[in-house]
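Asks: The lines below spell out each chain.
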Amino acid sequence: MPPLAQRNLMHDKVRLTVTLTGIVFAVVLIVVELGLFVGFTVTTSGIIDQSKVDLWIVSKGTPYIEQGSAFSERKLYQVLATPGVAHADKYIVRFSNWKTPQGAEDGIQIVGFNPYTGVGGPWNVVEGKVEDLKTPDAVMVDEIYKKKLGVTKVGETFEINRRRARVVGFTRGIRAFTTTPYVFTSFKNAQAYTGIAEDQTYFILVRALPGTDRAALQHELESRLRDVDVLTTRKFSSMTRIYWMFTTGAGVAVLIAALLGLVVGVVVVAQTIYATTMDHIREYGTLKAMGAPNSYIYRVIITQAGMSAVAGYVLAMFVSVFIVHASQSGGAAILLPWQMAVGIFFLTLLMCVSAAVVSINKVTSLDPAMVFRG
Amino acid sequence: MQAAISVRDVTKVYVEGANKIQVLHGVDFDVEQGEVVLLMGPSGSGKTTLLSIMGCILRATSGSVQIAGQEVAKLSERELPEIRLQHIGFVFQGFNLFPTLTVGENIELALDLKRIRGERAKQEARKLLDQVELAAKYDSFPADLSGGQKQRVAIARALAGSPRVILADEPTAALDSQSGRNVMEMMRDLARKHGRGVVVVTHDSRVLEFGDRIVHMEDGRIAEPETEASGRKGMAEVVSMGLLSTNSAEHALRIC
Ligand SMILES: Nc1ncnc2c1ncn2[C@@H]1O[C@H](COP(=O)(O)OP(=O)(O)OP(=O)(O)O)[C@@H](O)[C@H]1O
Ligand SMILES: [Mg+2]
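Note that the protein sequences, when read in sequence, are chains C and F.
Counting in the numbering used here, the first sequence runs from 202 upward without gaps.
Counting in the numbering used here, the second sequence runs from 506 upward without gaps.
Honestly, the hints are just simulated from the structure, not real lab data.
There may be inaccurate statements among the hints.
[Stated by the list, open to error] Each computed DSS-like pair below joins lysine-lysine, with the alpha-carbon atoms no more than 30 angstroms apart:
#1 C/Lys563 to F/Lys579
#2 F/Lys627 to C/Lys214
#3 C/Lys347 to C/Lys335
#4 F/Lys642 to C/Lys214
#5 C/Lys261 to C/Lys214
#6 C/Lys563 to F/Lys619
#7 C/Lys300 to C/Lys354
[To be verified] Partner residues aside, some chain F positions facing chain C, computed with beta carbon under 7 angstroms:
#8 Thr553
#9 Arg589
#10 Asn601
#11 Asp617
For glycine and all other residues, C-beta sits at the position ideal for the given N, C-alpha and C.
With the hints as constraints, model all of the structure from the sequences given.
Replies: Below is the structure:
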């Protein structure tokens, strides 16, 4: 087939620019809105997901990570005695209070973990080492919250719950959905910072031996332990996400924005693709008069739409990657996981092709007056 | 010899909402192979409608239309494109070339529809362009051609795949008289040479001499029994000498 679709697309540079701009705008809009949603969602359960353990033991009825309550650390020994458990660690996540030497106060979330195993500890450490947290009073915060917490560099000291806290390092990009910064510290320090009793813990993080049937282990732990829930990491993660994104309604707004972005994107793309087809409607009429079957014309229009989609998508991804990158140092991360990128590619293709198919309806009912008009 | 097109008692009623407009009232019309028929008549008399029905773009409301012996009036909407593809070449007033394709590619596209592709299509396209004396313009774009040249490309395209019938609606209306004559002459010569039946709708009295026959339409009917070729020829000469205005020439044709 002579390259009608390619030529028609490339012929009118202004139209091409408008079409591609429309697609790029739509795709970037969708990436930003969906990416914010994904970013927020991932943020809510970041601590859980990054723990990389198999099971979380939480006090009975705990709806999400910020809402844990203390239980006896004796359960830890019961867990360790259960066949199939590789190791288990006590863990604390709890609100507390941060005070600068100047007297400014702010809410924080203490994350107390075992610095000897590192399980549930900070990731993306850019200054200092996780091992530094073994020392008493040592804490680590994220760069993003430096200003909020009044921290400028390693070595500075602050007060948490009227106890000394010394900053020994920084992480990068560990955001808290609640905007209450995470402060990583050893489990022991955390007990002091949150004022919970010496023999209490908030969570137990369990890692199974390789080759263990996780579901069976979960069952076994449930039957051995009382007054706790044994949850898979995935389950606890999704409970936390659903709580913050949907139960609080915080995510609903973002999701609606994402859906609006999608609708606006679809409309913009449909509009531009439709206009591109209409530009050449007379040619399609001529093709039909010449006896081209509808499938032949569909092929031309769909090729044209498909090429617009691919070109628009590629350009949009350049812009998106830039925006995603720029957002990493801000308070709200836009995330673009590859699954989302792939999904949006097919979405773009679908948008363009279905927009083209809509305009094809104009071609299928051939008006002879149109081709015979001078 | 079998007629290229044979139209019998064709009517056409356009339905627009509750309105029904009868545009053709029992038209009989034949086109022989190798013959150029000029279809004339006032605006709104149904020429384009008749041409569209013969070209299988529109379906007659009743009556019979045979193309190369095949009855097409009863064919479904979905079968018509194939008939157009196999038997009919169109030439339009506005040329309707594909502006983004080169002259050669325009012809190749028509051949592609008829499943002639690759090197064979290129050869065939060159041959067709040669027939309209435009082989040198193979790689030019339509925008770089004059109106007459564009219409000649359109004729070459209409001839692609050797259809039995060429249908042209006002092919010279957008051309100056020299180009118009040139285009008509080419169409007539190619029709004769290859035994195509050609129908040309025209208002253009300057091209009357290129028709073998004139059929006059009025209010959806063929106005007169078809005129004799000899009689017409004499009249065409009179017209081309400028002794008669178009209107009186048409009038004269109707009464002879
Ligand atoms: N799709 C349509 N729907 C309704 N009426 C139509 C349609 N197409 C044409 N007509 C009417 O049918 C009549 C004949 O139209 P047609 O185009 O066949 O005339 P024509 O002889 O080709 O005229 P012209 O010389 O102006 O091109 C006109 O009155 C026109 O308004
Ligand atoms: Mg007309």
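Asks: All hints, please: hold or fail.
Replies: Now for the hints, and whether the structure bears them out:
{"no.": "1", "hint": "C/Lys563 to F/Lys579", "verdict": "holds, 25 angstroms"}
{"no.": "2", "hint": "F/Lys627 to C/Lys214", "verdict": "holds, 29 angstroms"}
{"no.": "3", "hint": "C/Lys347 to C/Lys335", "verdict": "holds, 22 angstroms"}
{"no.": "4", "hint": "F/Lys642 to C/Lys214", "verdict": "holds, 25 angstroms"}
{"no.": "5", "hint": "C/Lys261 to C/Lys214", "verdict": "violated, 64 angstroms"}
{"no.": "6", "hint": "C/Lys563 to F/Lys619", "verdict": "holds, 24 angstroms"}
{"no.": "7", "hint": "C/Lys300 to C/Lys354", "verdict": "holds, 16 angstroms"}
{"no.": "8", "hint": "Thr553", "verdict": "holds, 5 angstroms"}
{"no.": "9", "hint": "Arg589", "verdict": "holds, 4 angstroms"}
{"no.": "10", "hint": "Asn601", "verdict": "holds, 4 angstroms"}
{"no.": "11", "hint": "Asp617", "verdict": "holds, 5 angstroms"}
Consistency note: the structure conflicts with earlier hint 5 alone.
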